[in-house]
Amino acid sequence: MKLLASAAARVGLSISIATGLYGISFGALSSAAGLDVLQTQALSLLLFSGGSQFAFVGVVAGGGTGVAAMSAAALLGIRNGIYGMQINALLRPRGWRRLAAAQVTIDESTATATGQSEPAEQSRGFWVAGVGVFVLWNLFTLAGALAGDALGDPRRIGLDGAAVAAFLGLLWPRLKGREPAAIAVVCALVTVLGVPLLPPGVPILVAAAVAAVIGWVSHGRASEGLEPDVEPYPEPGPVPRRAPRPGGGEQR
Amino acid sequence: MSLWPWVVLAAGLAYATKLLGYLVPPQLLEHPRMTRIAGTLTIGLLASLTAMNTFSSGQSLGLDARLGALAAAGLALWLRAPFLVVVVAGAAAAALLRMAGAA
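Read top to bottom, the protein sequences are chains A and B.
For the first sequence, position 226 (counting from the first letter as 1) is numbered 925 according to this note's numbering, and the numbering increases by one without interruption.
For the second sequence, position 37 (counting from the first letter as 1) is numbered 91 according to this note's numbering, and the numbering increases by one without interruption.
Simulated from the structure, these hints should not be mistaken for lab results.
Fair warning: there could be bad hints in the mix.
Claimed, not checked - Using 25 angstroms as the maximum straight-line C-alpha spacing, the simulated SDA-like pairs for lysine to any residue come out as follows:
1. A:Lys875 / B:Leu67
2. A:Lys875 / B:Pro86
3. A:Lys875 / A:Trp915
4. A:Lys875 / B:Leu121
5. A:Lys875 / B:Arg134
This one's a predicted model, so the numbers in the text were calculated from it and none came from an experiment.
Build out the structure end to end from the sequences listed, making use of the hints.
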C-alpha cells in the first residue's frame with residue numbers, strides 16, 4: 700500500500716495507537732468525575748483535545764462549576780490556535796479540508812507534520828495522525844467510560860491518583876529547562892494558596908493569569924511550552940523542523 | 055445544574071480556537087509575545103491542575119494517597135515510561151496506599 704510506504708504515515712499511525720490507548724484513562728476519569736457516557740463521548744468527539752478534556756473533568760471532579768471547567772479547557776486550548784497557524788502555513792488546506800483540518804489540529808498531528816520536511820509527507824503525517832488519533836481516542840474513550848461506570852468507587856481503585864499522574868504526564872515534556880520549571884512551580888504555589896480562599900476551580904484561572912503575565916513580561920524562547928507533548932521521531936532521526944517563521948529564527 | 059451547556063460551549067470554543075489559527079494572517083506568527091504567552095499559559099495551567107488534583111478536596115488542602123500517586127508518576131516519567139504506564143502507576147500507588155490505610 701502506498702500510504703504505508705510513507706515514513707510520515709507510519710509515524711502517524713504509531714502515534715495514533717499510543718495516544719488513542721490513553722483515551723481509556725480519560726473515559727474512566729470522566730465518569731469518575733460524574734459525567735455520563737454521552738457527555739464524556741461528546742467531549743472526545745467535539746472538544747477533541749486531550750489536555751483540555753482532562754482539564755474540564757479535572758475541575759468538575761474538584762467541585763468546580765461548569766463555567767470554571769469550560770474556562771480552564773478553553774485556555775488550555777489556546778495553543779491549538781498556534782498549531783493551526785503553523786499547519787496552515789505548511790499545508791494551506793482549502794474548503795471543507797480546512798474545516799476538517801481544524802478539528803484534528805492537536806499536539807500529535809502538529810508534531811508529526813512539522814517533523815517532516817517534504818510538503819507531501821507533512822500532509823500525510825498530519826492527516827494520518829489527526830484522523831487516526833481521533834478515531835482511536837474516541838473508541839477508547841467509550842471503553843473507558845463504560846468501564847469506569849462499572850468499576851464503582853473511583854477512589855478505591857485510585858482513579859484520583861490517575862488524574863494526578865495524567866496532569867503531571869501532560870506537563871512533564873514541556874519542562875525543558877529552568878524557566879518553564881520555575882513557571883510551573885509558581886503556578887502550582889498560587890493554586891495551593893488559592894484553594895482555601897477561592898471557590899473550587901477558580902484558583903486554576905488565577906494561576907493561568909499569573910502564567911500569562913509571566914509570558915508577557917519575560918523574554919524566554921517564543922516556543923517554550925509549545926513544543927507538542929509528543930516526540931514522534933526517535934533520536935537521532937529527521938531533524939524536527941517547525942513551520943517557517945519569518946524573522947522567528949531557528950527554534951531548536 | 056446540568057453540565058451539558060458547558061460541555062457544548064467548551065467544545066464550540068475549542069473548535070473556534072483551532073479554526074481561528076487557519077483564518078488569521080500568517081504574519082501573526084511573527085509576534086513572538088503571542089506564542090510565548092500561549093506557551094507559558096499551557097505550562098501554568100497544567101502545573102495548576104496537577105497541584106489542585108494532588109492537594110485539594112473542594113476548598114480544603116491536605117496530604118493523602120494522591121501524594122504517593124504524584125511521586126509514582128514522577129518516577130515513571132523520570133524513567134521515560136509511556137503516558138499510559140504513568141497513569142496506571144499513579145492509580146496503583148493511590149490504591150495501594152489506601153489499602154495500607156492512608157486517607
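Okay, the hints, checked on the actual structure:
no. : hint                : result
1   : A:Lys875 / B:Leu67  : violated, 29 angstroms
2   : A:Lys875 / B:Pro86  : holds, 18 angstroms
3   : A:Lys875 / A:Trp915 : holds, 19 angstroms
4   : A:Lys875 / B:Leu121 : holds, 23 angstroms
5   : A:Lys875 / B:Arg134 : holds, 14 angstroms
Of the hints listed earlier, the one the structure fails to meet is number 1.
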